Amino acid sequence: MSRTRREILRNIAASVTLGGMSADAAQHVHHEAAAAKKKAAGVYKPRLFNEREFRTVRRLTEMIIPADEVSGSAVDAGAPEFIDLIGSHNEELGTLLAGGVAWLDRASEKRTGKVFVDAPAADQTALLDTIAYSNKATPETRPGVEFFEWMRRLTADAFYTSPVGVKDVGFKGNKGMTVFQVPAAAIGHAMKRSGLG
Amino acid sequence: MPMVGSMHGACRAHEGYGKSLKQFIRARYGTTVGLSGRGEMVPNKDTYCDIDPVVVDRWGIPVLRFHFKWSDHEIRQVKHMHETFKAVIEGMGGTVLGLRNPERESGGISVGGTIIHELGVVRMGNDPKTSALNGYCQAHDVKNLFVADAAPFVSNPDKNPTLTICALAWRTSEYIAEEMRKGNV
Chain G
273 MSRTRREILR NIAASVTLGG MSADAAQHVH HEAAAAKKKA AGVYKPRLFN
323 EREFRTVRRL TEMIIPADEV SGSAVDAGAP EFIDLIGSHN EELGTLLAGG
373 VAWLDRASEK RTGKVFVDAP AADQTALLDT IAYSNKATPE TRPGVEFFEW
423 MRRLTADAFY TSPVGVKDVG FKGNKGMTVF QVPAAAIGHA MKRSGLG
Chain E
415 MPMVGSMHGA CRAHEGYGKS LKQFIRARYG TTVGLSGRGE MVPNKDTYCD
465 IDPVVVDRWG IPVLRFHFKW SDHEIRQVKH MHETFKAVIE GMGGTVLGLR
515 NPERESGGIS VGGTIIHELG VVRMGNDPKT SALNGYCQAH DVKNLFVADA
565 APFVSNPDKN PTLTICALAW RTSEYIAEEM RKGNV
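The listed protein sequences derive, respectively, from chains G and E. Under my numbering, the first residue of the first sequence carries the number 273, and numbering increases by one thereafter. Under my numbering, the first residue of the second sequence carries the number 415, and numbering increases by one thereafter.
The set of hints was computed from the structure by calculation and includes no laboratory data. Among the clues, some could well be false.
As the list claims (entries may be wrong) - List time: in silico DSS-like cross-link candidates among lysine-lysine, alpha-carbon distance up to 25 angstroms:
(1) Lys-408(G) <-> Lys-433(E)
(2) Lys-408(G) <-> Lys-382(G)
(3) Lys-433(E) <-> Lys-439(G)
All values reported here derive from a predicted model rather than from experimental measurement.
Excised from the complex, chain G in its bound form (with noise of 0.2 angstroms):
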């Protein structure tokens, strides 16, 4: 990657933890992850994650938007790798999660002997159900309800800013109008509200 994408990369990785980040600059997340994949033979090589945490990662994002009669799953609209490159590129998010992972991973042993992408899906919810919900937080779990909060949100972000989440929620963006017509159901509604109609 050339200085100037890096350096692009690293700017927008940043203002994800300032808060605040354009449609354009999540376009080029998606792109750079794109254009990595394509390079290595249409198989993402994770910058930040080992293989373990990728497929954690992985396992975590099916599991926040997973698919259904509308559209596909965070996994198909590229999320883990839209997360593993935004948290290359910034050191307190890579840091905040891979620790999160290791977290989910030690909770995950003490219940099956397992690190969570190898335990069975009724335990890996369950142990979910216990983070998910930041008024059910005890301060065992605090660690991981904060990881949680920062997965959910990036698999949000890294979703609906792809092609298949913009499709989801039926973004349709400007069209070209020659004609300004009030919908008569807002007519009708005023009027209504006005008690003049």
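Use these hints to put chain E onto chain G, whose structure you have.
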């Protein structure tokens, strides 16, 4: 178009994960409106910059050190904005969802310095003890030195200052021409 951060409010509201989260996000998308307030900060004596005694930039030049504090003027202005927005939203039949980050975590007012259009620090004024420039943006101490950018402002109006910067610069230019004609500079 969905951006990074677009679904964070829904994530926070629903929490959890899985199909119900996805359905919740889908149902909420496009149904929200955000209102952002802008106001004028009244200059106060706790908000200023000085030359940093320690830190230098990459060329070895000491940098500015910033001191910042919101006053009651701004806190109360923002509170009034919240109440106004609430009235507008509820008057239209909507539901107030609350503040977005980062204001939610910083007491409802933006983090100082977030909004751009930096102005000031080479103040104009009549008293050389409390200002650097006169009303024509001419330095009190050096007659042929003028500052014609955003620095002469003594307060920051809450809207875009570019045209005022241009107007002041124009006025300064005419003054310079006149003073040169008279042989004063």
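Do the hints match the structure? See the list:
1. Taken as a hint, the Lys-408(G) and Lys-433(E) pair is honoured in the structure, with Cα atoms around 20 angstroms apart against an allowance of 25 angstroms.
2. Proximity of Lys-408(G) to Lys-382(G) is assessed by CA-CA distance (about 19 angstroms); at most 25 angstroms being required, the pair is judged to hold.
3. Only pairs whose Cα atoms come within 25 angstroms are accepted, and Lys-433(E) paired with Lys-439(G) is accepted, the gap being roughly 16 angstroms.
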